[in-house]
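Protein chains: 4
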Amino acid sequence: MPEVVFSVDQTKSMRDQAVPGHNRWHPDVPVAAMVRPGQEFRVECREWTDGQLGNNDSANDVRDVDLSRCHMLSGPIGVEGAQPGDLLVVDILDLGPVPQETGDAPGQGWGYTGVFAKANGGGFLTDYFPDAYKAIWDFHGQQATSRHLPGIRYTGITHPGLFGTAPSAELLARWNRRERALVDREPDRVPPLGLPPLLDGTLAGTADGSTADHIAREGARTVPARENGGNHDIKNFTRGSRVFYPVYVDDAKFSGGDLHFSQGDGEITFCGAIEMGGYIDFHVDLIKGGMEKYGITTNPVFMPGNVEPRYSEFLSFVGVSVDRETDENLYLDATMAYRNAALNAVEYFKKWGFTGEQAYLLLGSAPIEGRISGIVDIPNACCTLYVPTEIFDFDVRPTSEGPVMADRGQCAVTS
Amino acid sequence: MPEVVFSVDQTKSMRDQAVPGHNRWHPDVPVAAMVRPGQEFRVECREWTDGQLGNNDSANDVRDVDLSRCHMLSGPIGVEGAQPGDLLVVDILDLGPVPQETGDAPGQGWGYTGVFAKANGGGFLTDYFPDAYKAIWDFHGQQATSRHLPGIRYTGITHPGLFGTAPSAELLARWNRRERALVDREPDRVPPLGLPPLLDGTLAGTADGSTADHIAREGARTVPARENGGNHDIKNFTRGSRVFYPVYVDDAKFSGGDLHFSQGDGEITFCGAIEMGGYIDFHVDLIKGGMEKYGITTNPVFMPGNVEPRYSEFLSFVGVSVDRETDENLYLDATMAYRNAALNAVEYFKKWGFTGEQAYLLLGSAPIEGRISGIVDIPNACCTLYVPTEIFDFDVRPTSEGPVMADRGQCAVTS
Amino acid sequence: MPEVVFSVDQTKSMRDQAVPGHNRWHPDVPVAAMVRPGQEFRVECREWTDGQLGNNDSANDVRDVDLSRCHMLSGPIGVEGAQPGDLLVVDILDLGPVPQETGDAPGQGWGYTGVFAKANGGGFLTDYFPDAYKAIWDFHGQQATSRHLPGIRYTGITHPGLFGTAPSAELLARWNRRERALVDREPDRVPPLGLPPLLDGTLAGTADGSTADHIAREGARTVPARENGGNHDIKNFTRGSRVFYPVYVDDAKFSGGDLHFSQGDGEITFCGAIEMGGYIDFHVDLIKGGMEKYGITTNPVFMPGNVEPRYSEFLSFVGVSVDRETDENLYLDATMAYRNAALNAVEYFKKWGFTGEQAYLLLGSAPIEGRISGIVDIPNACCTLYVPTEIFDFDVRPTSEGPVMADRGQCAVTS
Amino acid sequence: MPEVVFSVDQTKSMRDQAVPGHNRWHPDVPVAAMVRPGQEFRVECREWTDGQLGNNDSANDVRDVDLSRCHMLSGPIGVEGAQPGDLLVVDILDLGPVPQETGDAPGQGWGYTGVFAKANGGGFLTDYFPDAYKAIWDFHGQQATSRHLPGIRYTGITHPGLFGTAPSAELLARWNRRERALVDREPDRVPPLGLPPLLDGTLAGTADGSTADHIAREGARTVPARENGGNHDIKNFTRGSRVFYPVYVDDAKFSGGDLHFSQGDGEITFCGAIEMGGYIDFHVDLIKGGMEKYGITTNPVFMPGNVEPRYSEFLSFVGVSVDRETDENLYLDATMAYRNAALNAVEYFKKWGFTGEQAYLLLGSAPIEGRISGIVDIPNACCTLYVPTEIFDFDVRPTSEGPVMADRGQCAVTS
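Chains as they are written, first to last, in my numbering: chain A, 104 to 518; chain B, 104 to 518; chain C, 104 to 518; chain D, 104 to 518.
Any given hint could turn out to be false.
One copy or any two copies: either way a pair holds, since identical chains are not told apart in the list.
As a list, the in silico SDA-like pairs of lysine to any residue whose alpha-carbon atoms are at most 25 angstroms apart [unchecked claim]: (1) 115 / 202; (2) 115 / 428; (3) 221 / 287; (4) 396 / 450; (5) 453 / 183; (6) 453 / 345; (7) 391 / 500; (8) 221 / 500; (9) 454 / 302; (10) 454 / 312; (11) 453 / 518; (12) 391 / 136; (13) 454 / 192; (14) 453 / 492; (15) 391 / 187; (16) 391 / 507; (17) 454 / 498; (18) 391 / 279; (19) 396 / 495; (20) 454 / 186; (21) 221 / 164; (22) 454 / 398.
Calculated directly from the structure, the hints in this document are not laboratory data.
Using the sequences and the accompanying hints, generate a full structural model.
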């Protein structure tokens with residue numbers, strides 16, 4: 104086990120840790136620990152909402168979650184010698200849920216998948232599922248099952264949803280400018296088009312006083328992926344992966360968290376992976392001047408690991424960019440195409456006795472693949488969503504006999 | 104070898120075949136051959152432009168291609184007993200390029216990948232690459248190399264770009280209505296938002312007289328994927344795949360073509376796979392009433408085959424939904440995110456000596472994967488584009504030494 | 104399709120071809136065709152017994168087969184510039200069954216798996232199955248089914264059982280010496296310990312007169328694998344593979360055949376793959392002096408292709424080196440361990456209604472894997488035999504319900 | 104983390120644990136802990152020699168190891184309700200090295216691979232490598248590197264070498280009978296043909312007095328695999344695997360250990376995996392009467408997990424059953440064939456600058472595959488040994504340039 108450079112007590116909020124983390128991107132969040140190129144080290148993480156959700160059978164906690172506090176990130180980890188223009192080479196050596204025995208924190212033998220209510224967060228299919236839902240997952244080594252999704256068992260591709268380097272002041276200003284412009288197009292939209300800086304709920308690491316103030320006023324929310332990495336939610340970003348992050352500030356200031364036990368491509372339920380706290384082991388190195396050398400200036404590049412679970416049979420659902428409610432034809436809109444593929448999958452699984460919301464939770468958390476199949480065949484984008492058939496304990500393929508309808512229970516709902 | 108129910112002489116245009124195919128979707132295109140559920144049969148196909156492009160070093164033929172004639176489809180194949188509401192179960196038993204020895208038709212030992220000019224077709228990166236380009240590929244069994252892309256060799260995932268069932272009159276009318284509405288939003292756009300019915304170039308199979316006339320007036324263009332299947336351009340739709348197509352007319356009227364030796368997810372160069380003529384062997388069956396039974400009403404469902412080439416190492420490029428020219432932030436726009444991932448890949452490969460247009464042609468044709476990674480993290484969609492490193496005959500991974508710049512030639516350009 | 108340098112008319116015996124092949128290893132078999140390093144070319148092959156077995160429901164033809172004629176090899180192909188001490192680099196570009204429509208020759212849409220009688224050939228489990236049996240397989244593109252093994256379907260890993268370079272006179276003499284010594288230990292054994300040169304049935308290519316005579320007197324039988332390659336029966340030697348063969352004579356004199364549609368590791372039924380005639384496309388090159396450079400002096404080295412079917416779930420049977428009849432404990436005997444693993448598998452499948460001989464035929468032909476798991480744990484070698492569960496159309500895994508016994512027919516038997 | 108039912112303090116010998124384990128198979132070893140069908144639980148394990156080997160650069164400890172103490176097993180774990188004739192269904196949920204930070208016990212961040220001296224243990228190639236050697240491996244998450252094998256890095260397929268159920272008194276007597284008969288054939292052989300019961304070094308769990316005495320006198324040594332499972336050394340027996348063990352005594356009495364971070368098929372160096380202590384998490388269940396139901400009476404059956412590392416390119420070495428020293432031709436001897444494949448691999452890697460003993464250590468510990476390719480082609484068995492090329496940090500494939508010879512250091516040797 105490598106040295107723990109950022110530790111977390113899972114019985115406490117991130118705010119109350121010996122060295123607290125942060126929940127905004129800002130160059131002035133003070134370094135929590137320094138590491139050297141070539142070093143291996145461990146970072147411990149809180150689950151992304153900082154423990155607002157419980158191992159129970161009600162979705163009320165999802166409905167009422169305070170999103171201003173999210174995501175709770177561990178770090179920043181400073182890397183000696185890192186300078187703007189370098190590439191930070193990060194290897195994920197290992198990661199997993201909280202090693203300690205059973206407990207109340209997500210990651211202690213269990214995790215959850217949630218669907219946010221449209222009024223508080225929303226999600227990919229929020230127009231179809233406007234209420235809050237939840238499924239609790241139990242961990243069995245590398246596999247997960249859920250009392251809310253009977254008949255399903257799969258091997259998790261554990262990964263962090265979110266890691267990244269700190270933005271420079273200039274880059275941060277650019278983010279705030281462009282996202283503000285987007286939000287201003289429809290400022291009263293629910294859910295909103297974007298999330299501007301927010302004083303409420305900001306945690307600025309060990310900063311205090313005026314530093315903490317301007318971090319809160321300027322700090323970028325952690326929800327989206329951006330140039331620095333951030334909330335990629337790439338499910339294949341698992342053990343054995345190597346990532347090349349652009350460096351924008353001295354010491355790189357590497358932070359992250361939002362560990363997932365498993366996730367489907369797109370994380371369509373928004374809070375959609377199997378969310379957990381846990382640990383992640385890294386090796387870091389630098390490619391000096393690498394951004395220019397390799398033209399990696401806009402986004403990180405990564406190389407996935409070689410230990411994903413081996414599934415060999417899939418049901419693949421197709422969607423094209425036509426609005427199924429209005430029959431409006433959108434122009435090469437992959438988002439709409441993938442939404443339709445997801446809705447087609449939901450309809451399919453309902454024929455077997457799952458509720459729509461169960462199917463939605465399944466697609467967010469299971470190791471499904473989301474592919475952009477055709478993106479040039481005007482006017483229709485075509486996306487495909489691959490569901491491994493081996494995760495069901497019954498034969499889920501279409502046959503001449505028709506589907507076997509059964510009572511498959513229900514997920515956690517609101518009261 | 105199963106019985107050939109639709110045969111093609113590769114020295115002749117589809118128009119001049121003993122039984123010609125068609126290039127519009129319409130319920131009244133006459134059945135070319137009947138098969139029974141349970142039957143195995145072969146369909147021969149012309150390359151999608153009907154042989155307008157040659158094995159040469161000029162992209163003039165791409166620039167000047169007549170798109171009104173495309174795609175040239177083989178069929179319709181009628182399936183005995185098929186009725187609206189059924190699912191047509193199609194197994195792809197085998198497919199490959201034209202078995203005959205070397206010749207002038209694409210598929211006779213060679214194929215091509217093209218980038219259309221913005222003025223005549225366009226493509227995914229047409230604003231960045233407005234001219235026409237081409238790469239010729241030589242087939243070596245299941246592998247392909249190109250004199251226009253030295254240092255690259257990969258195993259093709261051969262597949263048909265386009266197969267589908269005939270639409271009913273009602274469904275066809277609905278397509279024409281919604282696509283017309285889209286085109287009308289910006290009628291003078293180049294390239295256009297969509298392609299309405301077009302008398303010029305229509306081939307209506309064995310129909311003539313007034314039937315041929317109204318097929319030409321009403322028939323839907325074959326470019327996009329729609330409810331009936333159509334131009335899916337799903338690269339994993341290869342040997343061993345099973346597809347469940349909705350049936351909209353009696354006998355199902357199954358047609359297709361546009362065979363690809365290989366393609367990357369998205370087929371981003373538009374004419375972007377390795378295009379070829381060839382043969383495809385099918386087994387068909389029916390699930391009576393299957394559309395309702397399984398809720399498969401909107402799009403086909405498929406199960407991919409189990410013989411894709413096994414690649415184990417990838418460079419994965421990330422893109423988010425921010426316009427790189429204007430810094431405009433789009434809202435969860437997966438199309439923009441994937442475009443940025445592609446542009447990031449192009450920039451990377453330019454550092455090794457490829458031209459941008461070579462890199463673009465590579466991404467369209469090689470077995471790259473395009474994934475929707477994050478689709479809910481407002482405001483940024485996040486897409487990833489996986490390039491297998493094994494297809495390069497040099498080490499293409501980032502290291503501290505920097506990339507090895509070399510003269511890697513050029514693709515075919517216009518004169 | 105590359106140039107055919109060795110062609111075969113499947114309606115005729117190898118003896119009656121325009122350029123006949125050969126069935127003994129000898130340096131003096133005349134070159135049938137020359138190729139250059141860098142060339143791609145096609146070789147057509149007869150099924151290994153030269154068409155002695157038919158597509159019928161009797162195993163009499165297996166029982167009565169004349170083994171003195173086998174294997175019928177295509178070649179030798181001379182490679183310009185090849186000299187003793189070089190490595191011949193052979194890429195398998197493509198291979199498949201006979202392209203022509205249905206016919207009587209194995210490979211024309213069908214193939215067979217046989218179990219030789221103990222009195223005429225024997226096999227791995229000959230003490231348990233002393234009679235002759237046969238299963239006929241129908242090809243469906245890349246998949247095979249058999250009326251003699253209902254409920255089974257799998258994707259073939261097509262490969263040649265046998266290719267190799269000609270031995271030098273010295274190497275040939277050494278083979279004859281050491282194999283004669285083995286046979287002489289138990290000269291009357293049935294089946295024999297080895298097969299010395301045999302005048303009967305020898306085919307010496309285009310040689311005649313005294314050359315044909317001494318080839319017949321000295322020529323090594325083609326059954327085993329030896330230093331020159333030969334009858335490796337390596338099931339992963341499929342499309343995309345590269346092999347490095349030692350060169351022992353000028354021009355290398357590359358020959359082979361014995362194409363298989365599929366085979367299990369070990370080819371335990373002896374005539375155990377799905378046997379067929381067909382074609383194979385090669386690319387060849389030379390590494391001058393490569394035997395010494397790389398220390399590849401004793402046997403070929405190969406690199407498997409990357410397109411094997413993707414199976415993900417297996418039943419793995421274990422065997423150790425204890426004779427199950429006598430309880431004699433053998434010392435680290437992997438052959439006995441693998442035999443026990445095979446017998447354990449046979450017993451298992453009998454519980455589902457297959458006959459023992461059906462199970463035996465299945466293990467010889469399906470893409471099972473045979474592993475040497477422990478080879479040092481005195482006194483017991485431990486081997487494992489992996490059967491993919493996906494090849495059965497029923498759930499073949501052990502559960503608390505017990506196996507589903509059904510009437511699963513029978514293979515072809517003798518009359 | 105499931106409940107720990109057998110715990111180990113890694114600073115102490117197995118003899119000195121609160122509840123000690125055992126190192127002989129005997130039905131009278133007392134149950135150390137009971138579990139219920141359906142239960143998940145953790146078992147902690149000592150490295151197999153009980154800590155006789157150190158993290159140093161001398162192989163003296165390998166040379167002088169006391170093998171009478173091995174293997175130190177954790178257990179027996181009793182399973183409620185298990186009776187002779189049942190199948191014990193064991194799922195491996197998770198396993199890994201010792202979670203505690205760096206320490207002296209193998210598994211605490213490091214492990215080792217050893218070659219036993221011929222005079223004390225021997226191994227697969229002991230006639231070629233009669234001395235003792237060792238390589239120390241450092242763990243980096245799921246990957247391992249060694250200062251004794253520079254340029255090598257691979258992903259471990261962690262697995263237990265040895266688990267099994269207790270034999271009945273009758274089965275134990277049968278083992279002793281047949282192994283004694285083998286040893287008696289050549290009683291003075293070094294290394295011996297087998298290992299009979301041995302009073303020295305016996306640890307009988309919590310038994311004492313006369314029970315301990317007769318366990319010592321009768322207890323079967325743990326080296327080989329037998330009907331009860333035992334030292335299978337199956338490298339694919341990793342997380343996600345399910346094993347069906349025959350039950351021979353009430354409560355099944357399930358024991359094991361000998362955890363490996365990685366191993367090659369055959370574990371050819373004998374002490375050949377990367378040996379470590381650690382933990383293993385199980386789920387158990389019963390199939391009542393399953394031995395007869397499924398015909399699983401002779402050896403366990405297992406289903407491998409689906410998370411093995413994905414390697415896609417291999418160098419495959421071939422061996423046949425001819426003694427390379429004497430040119431004696433053995434009859435279908437797979438052990439000899441695999442030995443020759445291993446020796447061929449050793450020769451190959453020596454051309455790149457590795458010493459023979461380094462290459463030998465590599466083949467024992469890296470995720471190589473050992474296949475029985477041809478087992479019926481008289482007189483030569485043919486085995487193949489697959490080495491993934493991705494584990495080398497240089498290009499190890501044969502090319503016309505010849506191998507790159509370099510100083511690659513040396514493993515630990517004796518002084």
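Do the hints match the structure? See the list:
In this assembly of identical chains, the alpha carbons of residue 115 and residue 202 lie at most 25 angstroms apart whether taken from the same copy (16 angstroms) or from different copies (23 angstroms). For the homomeric pair residue 115 and residue 428, neither the shortest alpha-carbon distance inside one copy (46 angstroms) nor that between copies (45 angstroms) is at most 25 angstroms. Proximity of residue 221 and residue 287 under a CA criterion of 25 angstroms is satisfied intra-copy only: 20 angstroms inside one chain copy versus 33 angstroms between copies. In this assembly of identical chains, residue 396 and residue 450 lie within 25 angstroms of each other by CA distance solely across copies; the values are 11 angstroms between and 48 angstroms within a copy.
Taking identical chains as interchangeable, the C-alpha atoms of residue 453 and residue 183 are never at most 25 angstroms apart, the minima being 54 angstroms within one chain and 30 angstroms between chains. In this assembly of identical chains, the alpha carbons of residue 453 and residue 345 lie at most 25 angstroms apart only when taken from different copies (22 angstroms versus 39 angstroms within one copy). In the homo-oligomer, the alpha carbons of residue 391 and residue 500 lie at most 25 angstroms apart only across protomers (15 angstroms), although the nearest pairing inside one protomer, at 51 angstroms, exceeds that limit. For the homomeric pair residue 221 and residue 500, neither the shortest alpha-carbon distance inside one copy (33 angstroms) nor that between copies (43 angstroms) is at most 25 angstroms.
For the homomeric pair residue 454 and residue 302, neither the shortest alpha-carbon distance inside one copy (46 angstroms) nor that between copies (43 angstroms) is at most 25 angstroms. For the identical chains of this complex, residue 454 and residue 312 are neighbours neither inside a copy (58 angstroms) nor across copies (45 angstroms), given an alpha-carbon limit of 25 angstroms. In the homo-oligomer, the alpha carbons of residue 453 and residue 518 lie at most 25 angstroms apart inside one protomer (23 angstroms), although the nearest pairing across protomers, at 55 angstroms, exceeds that limit. With identical chains, the CA atoms of residue 391 and residue 136 are at most 25 angstroms apart within one copy only, with a shortest distance of 21 angstroms there and 56 angstroms across copies.
In this assembly of identical chains, residue 454 and residue 192 lie within 25 angstroms of each other by CA distance solely across copies; the values are 19 angstroms between and 47 angstroms within a copy. In this assembly of identical chains, the alpha carbons of residue 453 and residue 492 lie at most 25 angstroms apart only when taken from the same copy (15 angstroms versus 28 angstroms across copies). Taking the shortest Cα distances, residue 391 and residue 187 sit within 25 angstroms of each other inside one copy (9 angstroms), while across copies they are farther apart (50 angstroms). In this assembly of identical chains, residue 391 and residue 507 lie within 25 angstroms of each other by CA distance solely across copies; the values are 16 angstroms between and 59 angstroms within a copy.
When the C-alpha separation of residue 454 and residue 498 is checked against a cutoff of 25 angstroms, the pair qualifies both within a copy, at 13 angstroms, and between copies, at 22 angstroms. In this homomeric assembly, residue 391 and residue 279 never come within 25 angstroms of each other (Cα to Cα): the closest approach is 28 angstroms inside a single copy and 56 angstroms across copies. Taking the shortest Cα distances, residue 396 and residue 495 sit within 25 angstroms of each other only across copies (19 angstroms), while inside one copy they are farther apart (47 angstroms). Taking the shortest alpha-carbon separations for residue 454 and residue 186, only the inter-copy value of 21 angstroms comes in at or below 25 angstroms, while the best intra-copy value is 56 angstroms.
Only within a single protomer do residue 221 and residue 164 lie at most 25 angstroms apart by alpha-carbon distance; the minimum there is 14 angstroms, versus 52 angstroms between protomers. When the C-alpha separation of residue 454 and residue 398 is checked against a cutoff of 25 angstroms, the pair qualifies only between copies, where the shortest distance is 7 angstroms, while the shortest distance within a copy is 49 angstroms.
Of the numbered hints stated above, those contradicted by the structure are hints 2, 5, 8, 9, 10 and 18, listed in ascending order.
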